[in-house]
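All chains should be built: construct the whole structure from the sequences, respecting the hints.
There are 2 protein chains.
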Amino acid sequence: MSPASTGSQRRPLADSLAVHDQVYEAIRQALINGRIAPGVGVSLRSLAAELGVSPMPVRDAVRRLVAERALAINPANKRLSVPSLTAARLEQLSQARLWVEPELAARAAPHVDAALVKRLRDLDAAVDDALKLGDVDAYMTANHDVHFAIYERADAEVLLAMAGGLWLQIGPFMRVVFGRVGADGLVADRHVEAVEALKVHDAEGARRAIAADLSEGMDKMRAAVEAGR
Amino acid sequence: MSPASTGSQRRPLADSLAVHDQVYEAIRQALINGRIAPGVGVSLRSLAAELGVSPMPVRDAVRRLVAERALAINPANKRLSVPSLTAARLEQLSQARLWVEPELAARAAPHVDAALVKRLRDLDAAVDDALKLGDVDAYMTANHDVHFAIYERADAEVLLAMAGGLWLQIGPFMRVVFGRVGADGLVADRHVEAVEALKVHDAEGARRAIAADLSEGMDKMRAAVEAGR
DNA sequence: TTCTGAAAATTGTGATCACAGTTTGCGGTG
DNA sequence: CACCGCAAACTGTGATCACAATTTTCAGAA
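Those protein sequence lines, which keep their order, are chains G and B.
Oh and the first sequence: position 27 is 27 in my numbering, straight run, nothing missing.
Oh and the second sequence: position 90 is 90 in my numbering, straight run, nothing missing.
Take these hints with a grain of salt, some might be off.
[What the hints assert, rightly or not] If you anchor each label on the Cβ, the simulated ranges turn out as follows:
#, chain 1, residue 1, chain 2, residue 2, range
1, B, VAL117, G, LYS132, 54 to 62 Å
2, B, ASP219, G, ASP21, 37 to 45 Å
3, G, THR86, B, LYS78, 50 to 58 Å
4, B, ALA138, G, GLY41, 36 to 44 Å
5, B, ALA115, G, PRO75, 30 to 38 Å
6, G, VAL117, B, LYS132, 56 to 64 Å
7, B, ARG45, G, LYS78, 39 to 47 Å
8, G, GLU152, B, ALA115, 41 to 49 Å
9, G, LEU133, B, LYS78, 36 to 44 Å
[As the list claims (entries may be wrong)] If you want a taste of the chain G side facing chain B, the calculated C-beta under 8 Å gives, among others:
#, residue
10, ASP60
11, ARG64
12, ARG69
13, ALA87
14, ARG89
15, LEU93
16, LEU159
17, ALA161
18, MET162
19, GLY164
20, LEU168
21, LYS199
[As the list claims (entries may be wrong)] A few chain G positions that, by computed beta-carbon distances, are all more than 10 Å from chain B:
#, residue
22, VAL66
23, ALA88
24, VAL100
25, ARG119
26, ALA130
27, LEU133
28, ASP145
29, ALA156
30, GLN169
31, PHE178
32, GLU193
33, SER215
Source of the hints: derived by calculation from the structure; they are not laboratory data.
Just so it is clear, CB atoms sit at the ideal spot from N, CA and C, and this is done for glycine as well.
Shown next as structure tokens:
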């Protein structure tokens, strides 16, 4: 293979997403969906080969994921791995979520309009459907969308980013709930209560509903993690 | 760091810190110290030239800083800049700190020993010295060290990382306090109270002392930011 | 069979180049 | 003097290579 013939056609890429962003999203989803199991090692080249890109954009994406603590880097040999699920990590992540997310819901309440209420009801219906069908990926996506459709209305960029980072880190934990207790373990959530509170701009009601929703979900995660020791 | 000549001699690097980590630390300090003013644009090559390294490790460091929101990236033209100091950002950052940091102090309380108490007193003395001398950089460093010497004892890696990220983002705000009200504006802190509480393993006392310390500091930052509009 | 040790493969890191957008600078035109 | 237009410089992105440090593999000795 001569250096000149290493074609590898380039992309216009002006409007489209950069490759490293696509790679980031791909790895992110793989982590949340549990396609890359916690504890196992990964490498830049193996990820690159799997995604059909050069190691360069993978390197960028991985740096970002490491900074967000969705990937861990062994300080001794500098090798990459997926953080493993420990009770201590879950506990801290839970506590942090339990502070930021209700806060975001409360901040969103004043800015909620009829269109958002409708969208939230549609999204929540999608959550219920996914639950009935036992479609794990669809559930994870829909559940995420419900929460962040609310949080985005809070007009609090910094807190929103914190919440995003926490979901990314807790994604693998959510997966183990399905793995161990099945979809039946998650039939109930507090989305309806949250939407009702938001509809009438009841900030404290929204805060309480989201707090209860998280609290119950996280109890199940804790039980699943402890059962799997 | 040696100038990046085309000779490109390599380092041993086994035990020593990687170049991109040194670059990260250098930019980090420059941001916190306000040597790179908020709002202005930077570029990979200009930073690389300034630090005497190739653009590659700068790219890695910048990715990390962007993920930590210490640098911002313009989505339109993808150019880098230092986030500007807005009241909304300060408010959210403050609220987040006011939750995590007292929590870390409370968690640390049970694990405090005599050696740590001594170290904290030494560090706090350094804070007072820097204040008397009006040495801004020394104050920022010493103040950071006092807080994180406590937080590291909490045995809460996730929350500790959150606190670190928040300090990085709020660093430039701290600087404006000195810029506008001078070192005299910060003569009082609640470090002594915090250390006293920690010494007797009083978690709630430590929580309150740290909360008060942050609260007062952030009031000054808010005033400085508002005055500078 | 089990241990040993050297070769081979794999890893993260850094340098350098190519390329396509964007911004900047500067000349000429009205 | 003000405005336009184009070229040069600069920007982030991606590819490819080189290198040192691991880790893995496997043949040979006990």
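Hint by hint, where does the structure go against what was stated? Just the numbers, ascending. 3, 5, 7, 13, 19, 20, 21, 22, 23, 24, 29, 30
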